[in-house]
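S.K.: Here is how the chains run, residue by residue.
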Amino acid sequence: MHQVPFSTPGEVSDALEAVDYLSDPTISQTVFLAERLAKPVLVEGPAGVGKTELAKALAKIHDRRLIRLQCYEGLDEAKALYEWNYKKQLLRIQAEKGAEWRAIEDDIFAEEFLLTRPLLEAITSTEPVVLLIDEVDRVEVETEALLLEVLSDFQVSIPELGTIRAASAPLVILTSNNTRELSEALKRRCLFLHIGYPSVGREKQIILARVEGITDHLADQVARVVRSIRSHQLRKPPSVSETLDWARTLIELGVTEVDAAAVKDTLNVLLKYQTDIEKVADAYTGPDPIEPPVA
Amino acid sequence: MLIDVLGGFIQELRTAGLPVSMVETIDAMEALRHTDLGDRPAFKAALGATLVKNVRHYEAFDTAFEVYFALSRSDESSAGEPGVPGPRGEGSGQGSGGDADLEELLEALARALAADDTAWLQSLARQAVDQLAGMEPGRPVGGTYYLYRTLRQLDVDGLFDQLVEEALATAGPLNDFDERLLREELEDRIDRLREEIKAEIRRRLVADRGAEAVAKTLRKPLIEDTELMHATRADLVELEHVIQPLARKLAARLARRRRLRRDGRLDFRRTVRKSLATGGVPIEPQFRAPKPYKPEVFLLCDISGSMATFARFALQFVYAMSNEFSKLRAFAFIDALDEVTSYFSRETEFSEALQRISSEAQVVWLDGHSDYGRSLEQFWTGYGQSLSAKSTVIITGDARSNYRGPQAEVLEAIHDVARAVYWLNPEPRSYWNTGDSVMGKYAVFCDDVYEVRNLRQLETFVESIAEQGHRRLPLHKVG
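If you're matching them up, the sequences are chains A and B in order. Here the first sequence is numbered in numbering that gives the first Met the number 0, starting from 0 and rising by one per residue. Here the second sequence is numbered in numbering that gives the first Met the number 0, starting from 0 and rising by one per residue.
For reference, chain A alone in the conformation it holds in the complex (with noise of 0.2 Å):
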């Protein structure tokens, strides 16, 4: 649990280790600078290489609360920052029959008739937060402006009651698949940080962390036999936690050394297309050998 700022990027890695989550310079430096400038940091990467997991690590090591806000296509206002809750504002109404309009006007747009979105909570808690806005992507470019208020100065302006600013800054992480482009004015307020597959060496200290009874020598094997299939031209790479089922799959069918045979019949946790599965078994055992050579 760490509660004072960090003070050199090398107490992130450690801070971030102790919970299991293995960084690496990159990683550590621009963390610590998003804290130091207080800044969002976008994270970009391919899909299952611990985007998500880095905002997770960090609430934990704050002890701070994870606020996640999930994107899709359609989220809008209502759903990321805040809405008024007008079936109680009308129950409001419809109580004070023949009040003065001007009290009920002033009386309904109060903070007790406003429901709050992930974003807002953000702002508005007492207490300091990871706010995760997964996924960003994936929203319309239209609704990305929504989110630029709240990046850039940590407040959000809502026009019946004025601007509401940040009671302590939250850490903010954005991940990013890359499916679409972000726009210019999104990226200019955040930190860029891009998570690639980690190195051999790193995945493999990724998986003695992360699964349990595993022998040095299997996580090395698996580690590197990754790298391997990496290398060829697929449709879908293994991530780093497809990575992770792999090896919890090998432990619980019992294997204790990897070969060719042992790859191609766990090869469908690794990869989920049918042809990248043809073409590593290929490349790795050649053609079935039960199938007799064409004369």
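These aren't lab readings, by the way, just hints derived from the structure by calculation. There may be inaccurate statements among the hints.
[Claimed, not checked] When the alpha-carbon atoms are kept at most 20 Å apart in a straight line, the in silico PhoX-like pairs for lysine-lysine are as follows:
hint, chain 1, residue 1, chain 2, residue 2
1, B, Lys-197, B, Lys-43
2, B, Lys-326, B, Lys-389
3, B, Lys-43, A, Lys-86
4, A, Lys-271, A, Lys-235
5, B, Lys-273, A, Lys-87
6, A, Lys-278, A, Lys-235
Given the coordinates of chain A, assemble chain B onto it according to the supplied hints.
M.R.: Chain B in isolation, oriented as in the chain A frame:
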């Protein structure tokens, strides 16, 4: 001092095409205040996080970084480094490159590679450049020349074989699978050695000629600025990765109406029905669900020889689009037109689809020179009845019809039925309507014509679709 270098560096990034804004420059400065400048990876990460906001731009960033912030030799402790033991002390001097020296160097390299010792490898790379590159100050040759010279004398392939042999010998008998893994890893290390040597040569060039001059020779257009007509194979492979997001964006733009929520009209009956629950007060207005809007896209690609590179790109775009649209029909033509939709299914890979199109599709009728008129007519008679007000027709090609009749009236007919007709022309605008180009004749019946010479312009096209998407304009109809 640092500010000056940083200024030059940012200028270089901008020249290379990266959109570095004022705000980002200030962020970078601010970030450096919190960064240990002696820690190179941290320094690089700080600049990367603040100045580069796109993965595609990392390569340009890396190159510029290496040039502007090359480790000057004095930065490194050259005294106590683990170089080749011996030669320095024996006064063999630099650059003499005797056979004995070379052998010793190779020997040391082999050991450094086997041990996977990065620091050692770096210092050996430095030594290799010293001895073998024969660099002379002021000589007007590029870094590639020196690189070639060094690598040839090192006999890197031979080094690799030797490494494999030794590794196999120490590891004992391995099965095919393990041997393969081992080989791949060693290949990786050899690649790293190449990179080290390259970096070292660059460092010296910078020392000799200054960062700006070197950066200029190394500058490469960003992938989005690469001319599609003249793209190399490597460029096309890289394009393959960036085109998917663009196709998705286009899909989103074309289908936009589908998601505009309050598009539906007020459903009076359901609103009244619902109001019963609240004593007749219509608290929750009900809306009719908007009709799902499913755009149909018809893509017509000229794949003739003159368009070869662009056609490959266009088909890549088709391939990416076919993953996004359920209703996409693709056609290829030269002087005959054939539907190629079925080649682009989710399961087939792009290279396979490409191969099948070139071998199976019936796109040549007479001589294999583009004939737009005939192809359009064939499209109209064969598939015209499937066009409707929901259809968007996109044609890609240079509109060079080899002086054959353009049959623009066919395009007019298509335009009258379809929602929109767009033409993407990979030629510079100034070439249109010169020679056998009949762009002008067709342009009259297109909702818009775009010059698409690079990815950036394709992006412009995708962007502008949004603005004019749903207006059905009786455009350009000169009375």
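S.K.: Taking 20 Å as the top limit, are the C-alpha atoms of Lys-43(B) and Lys-86(A) close enough?
M.R.: Distance of about 54 Å is beyond 20 Å: violated.
S.K.: Is the hinted pair Lys-273(B) and Lys-87(A) satisfied, with a Cα-Cα distance of at most 20 Å?
M.R.: Distance of about 17 Å is within 20 Å: holds.
S.K.: Can the restraint linking Lys-271(A) and Lys-235(A) be considered satisfied, given a maximum Cα separation of 20 Å?
M.R.: With a Cα-Cα distance of about 7 Å, the restraint between Lys-271(A) and Lys-235(A) holds, given a limit of 20 Å.
S.K.: Sort out whether Lys-235(A) lies within 20 Å of Lys-278(A), counting only the CA atoms.
M.R.: holds (12 Å)
S.K.: Is Lys-197(B) within 20 Å of Lys-43(B), Cα to Cα?
M.R.: holds (19 Å)
S.K.: Holds or violated: Lys-326(B) with Lys-389(B), Cα cutoff 20 Å?
M.R.: holds (11 Å)
In summary, the one numbered hint that this structure violates is 3.
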